[in-house]
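Participant: The primary structure of each chain is shown beneath.
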Amino acid sequence: MSTSITTHPVQRPVQRPTRRAHAVRDSATMLRRNLLHARLYPSLTLNLLLTPIMLLLLFVYLFGDVMSAGIGGGGADRGEYIAYIVPGILLMTIGGTVVGTAVSVSNDMTEGIIARFRTMAIHRGSVLIGHVVGSVLQAIMSVILVGAVGVAIGFRSTDATALEWLAALGLLVLFAVSLTWIAVGMGLISPNAEAASNNALPMILLPLFSSAFIPISTMPGWFQPIAEYQPFTPAIETLRGLLLGTEIGHNGWLTVAWSVGLAILGYLWSTARFNRDPR
Amino acid sequence: MPSSAMPATGRPVDGHAPLAISATRLRKSYGDKLVLDGIDLHIPAGSVFALLGPNGAGKTTAVKILSTLIAADPGSGALHVGGHDLAVDPQAVRAAIGVTGQFSAVDNLITGEENMLLMADLHHLPRREGRRVAAELLERFDLVEAASKPASTYSGGMKRRLDIAMTLVGNPRIIFLDEPTTGLDPRSRHNMWAIIRGLVADGVTVLLTTQYLEEADELADRIAVLSDGRIAAEGSAEELKRIVPGGHIRLRFTDPAAYRHAALALGEFGRHDESLSLQAPCDGSQRELRSLLDQLDAVGIEADELTVHTPDLDDVFFALTGTGTGTGTGTGSGTGTGTGTRLPDQQTKETVR
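Protein sequences, first through last, are from chains A and B.
Add 9 to a position in the first sequence, counting from 1, and you land on the number used in the working numbering.
Add 32 to a position in the second sequence, counting from 1, and you land on the number used in the working numbering.
Be a bit skeptical, because a hint or two may be false.
[Stated by the list, open to error] Label-pair ranges, simulated between beta-carbon atoms:
#1 R282(A) x E270(B): 54 to 60 Å
#2 Q243(B) x P287(A): 43 to 49 Å
#3 T119(A) x D117(B): 28 to 34 Å
#4 S180(B) x R87(A): 46 to 52 Å
#5 D117(B) x I123(A): 47 to 53 Å
#6 I123(A) x R284(B): 19 to 25 Å
#7 S187(B) x L172(A): 27 to 33 Å
[Said to hold, decoys possible] Pulled a few chain B residues facing chain A out of the computed Cβ check, cut under 8 Å:
#8 T92
#9 S99
#10 L101
#11 D105
#12 H116
#13 V120
#14 Q123
#15 F135
#16 L157
#17 R160
#18 G162
#19 V176
#20 E177
#21 V232
Simulated from the structure, these hints should not be mistaken for lab results.
All C-beta atoms, glycine included, are put in the ideal place defined by N, C-alpha and C.
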């Protein structure tokens with residue numbers, strides 16, 4: 010009898026590339042997906058760019074005279090204040106774009122497609138890595154745009170060598186990677202976009218309590234240690250040193266330590282959170 | 033060797049279809065709430081198996097576990113899908129399966145075609161082959177026109193078709209379909225049934241969940257009725273229907289005399305004196321219906337209203353679990369069929385169709 014004979018399609022030989030090749034390929038695919046999202050829905054990205062640009066123009070053109078008198082010690086010199094404020098604004102731009110990361114991760118997790126990814130034989134971390142790489146690229150793009158505004162209003166680097174420019178770029182990327190991993194974790198714990206944007210608020214508020222707009226030494230004494238050792242201040246001081254030749258001191262190491270620490274913490278937190286069973 | 037019946041054990045016997053999915057004592061609870069209370073499933077390769085049950089019965093949870101989305105409770109027995117142990121090698125299970133969930137698993141922000149190419153990339157198809165497969169499936173599921181529009185603009189039926197098309201990119205041999213037609217209009221539902229039959233013709237194993245007896249009846253080789261996390265009964269559609277109090281015809285009269293007359297002519301079953309209605313057992317076939325009408329014609333009686341009631345999921349549940357009747361014993365004694373509890377006809381719900 011033939012009724013009980015079922016044909017079995019020949020199994021395609023399963024390609025088993027190394028795990029690493031798998032991870033890279035799947036992450037690249039996920040990155041393309043995130044870039045498609047960003048390309049099709051640029052408004053979120055552009056909105057987040059507005060804040061640093063507004064603050065830059067506000068502080069330079071409205072408060073500029075007072076601020077520059079405050080920092081320089083001498084008379085009001087707007088050009089000097091532009092030089093002072095731009096590095097902080099650039100790092101604040103990164104803080105702003107990662108708020109967008111938290112929101113888009115949180116949105117993404119409510120989509121059915123994520124459940125599909127979880128049931129596919131793909132590299133597990135690729136979903137998050139795609140978000141992180143996409144977000145870092147967006148952050149750097151944003152920094153370049155905001156930087157262009159800075160240059161347009163008169164910001165010039167003094168005597169930065171090619172190596173220092175490279176180090177500045179490296180610093181921005183490293184800082185963006187670390188904040189992004191934290192933001193991904195924030196997005197994962199947020200049930201919806203509103204919660205995500207609230208949870209990620211410190212990313213955009215912290216620069217206000219840093220040396221971005223005024224020197225730490227002009228702040229109240231009790232607040233100075235907080236302002237001085239929070240992640241943004243060392244990064245801002247290091248970037249200033251690289252672009253403007255000011256003293257970097259221990260800020261370079263502090264920046265690297267903060268960035269690597271936050272990146273590892275954010276990575277572990279995010280992946281643990283993502284690997285949990287969804288409800 | 034003469035062919036014999038399907039092996040009852042989980043082991044493949046040479047020449048017979050091995051089991052595509054086998055689960056023993058599958059358990060899952062969330063906190064205090066027990067969702068799956070130790071169910072057994074043994075699904076031969078190439079067959080269609082339906083998990084039938086109401087909302088909250090545990091259907092989706094079972095699919096989520098077997099498709100590696102969530103973990104079973106530690107007390108569960110062995111769970112194998114596509115020959116791989118879920119606990120040991122979930123990636124191998126994932127490589128063998130395709131899942132189409134209750135809530136469409138498409139990326140709404142990108143176009144249908146981009147969704148398909150995304151799947152092709154994630155299955156590591158070479159670019160050219162990926163494009164070919166994507167184009168073929170878009171064509172097969174009638175999505176060519178919509179391919180360049182964002183999936184968020186698709187209708188429910190289109191999304192479900194895109195969803196299945198995406199599932200098929202990797203050519204999975206085992207497919208989970210979680211309520212594939214819930215929320216679809218009748219035309220889309222029939223479309224979906226045709227699609228599922230097409231999959232089956234390709235020899236794919238399908239585990240389907242549904243709330244509709246009709247759907248399970250249309251598509252499945254075997255059906256398990258899930259109720260409160262237990263399998264209340266399992267069998268073919270025919271076997272299940274046998275344990276349901278049969279369908280009936282309801283005749284309603286406005287004239288008491290005609291009613292009494294009809295009751296006499298048809299025999300004394302199913303009298304409802306207050307409502308002047310009669311219930312006659314009937315399987316809904318043309319032959320039985322005609323013979324009943326002939327009987328009425330013979331005595332010159334015309335009913336004022338005639339409704340045909342066929343067994344539906346409600347009936348199955350009354351029959352199998354006794355819920356709502358006050359006499360419920362919640363039998364749920366594993367996989368036995370054929371001898372299920374029978375209910376008196378009067379207890380069937382008065383569903384007028």
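Participant: Run every hint past the structure and note whether it holds.
Facilitator: Hints versus structure:
1. R282(A) x E270(B): 54 to 60 Å: violated (48 Å)
2. Q243(B) x P287(A): 43 to 49 Å: violated (23 Å)
3. T119(A) x D117(B): 28 to 34 Å: holds (31 Å)
4. S180(B) x R87(A): 46 to 52 Å: For R87(A) against S180(B), whose Cβ atoms are near 51 Å apart, the range 46 to 52 Å holds.
5. D117(B) x I123(A): 47 to 53 Å: violated (25 Å)
6. I123(A) x R284(B): 19 to 25 Å: The hint (19 to 25 Å, Cβ to Cβ) is violated, given that I123(A) and R284(B) are roughly 53 Å apart.
7. S187(B) x L172(A): 27 to 33 Å: violated (58 Å)
8. T92: violated (11 Å)
9. S99: holds (5 Å)
10. L101: holds (6 Å)
11. D105: Status violated, d = 11 Å.
12. H116: Given a least distance of 11 Å, the restraint on H116(B) is violated.
13. V120: violated (15 Å)
14. Q123: Holds, about 5 Å.
15. F135: holds (5 Å)
16. L157: violated (10 Å)
17. R160: Where the cut-off is 8 Å and the nearest Cβ of chain A is about 16 Å from R160(B), the hint is violated.
18. G162: violated (11 Å)
19. V176: violated (20 Å)
20. E177: Not OK, violated: E177(B) not within 8 Å of chain A, min 20 Å.
21. V232: violated (12 Å)
Against the hints set out earlier in the document, violations occur for numbers 1, 2, 5, 6, 7, 8, 11, 12, 13, 16, 17, 18, 19, 20, 21.
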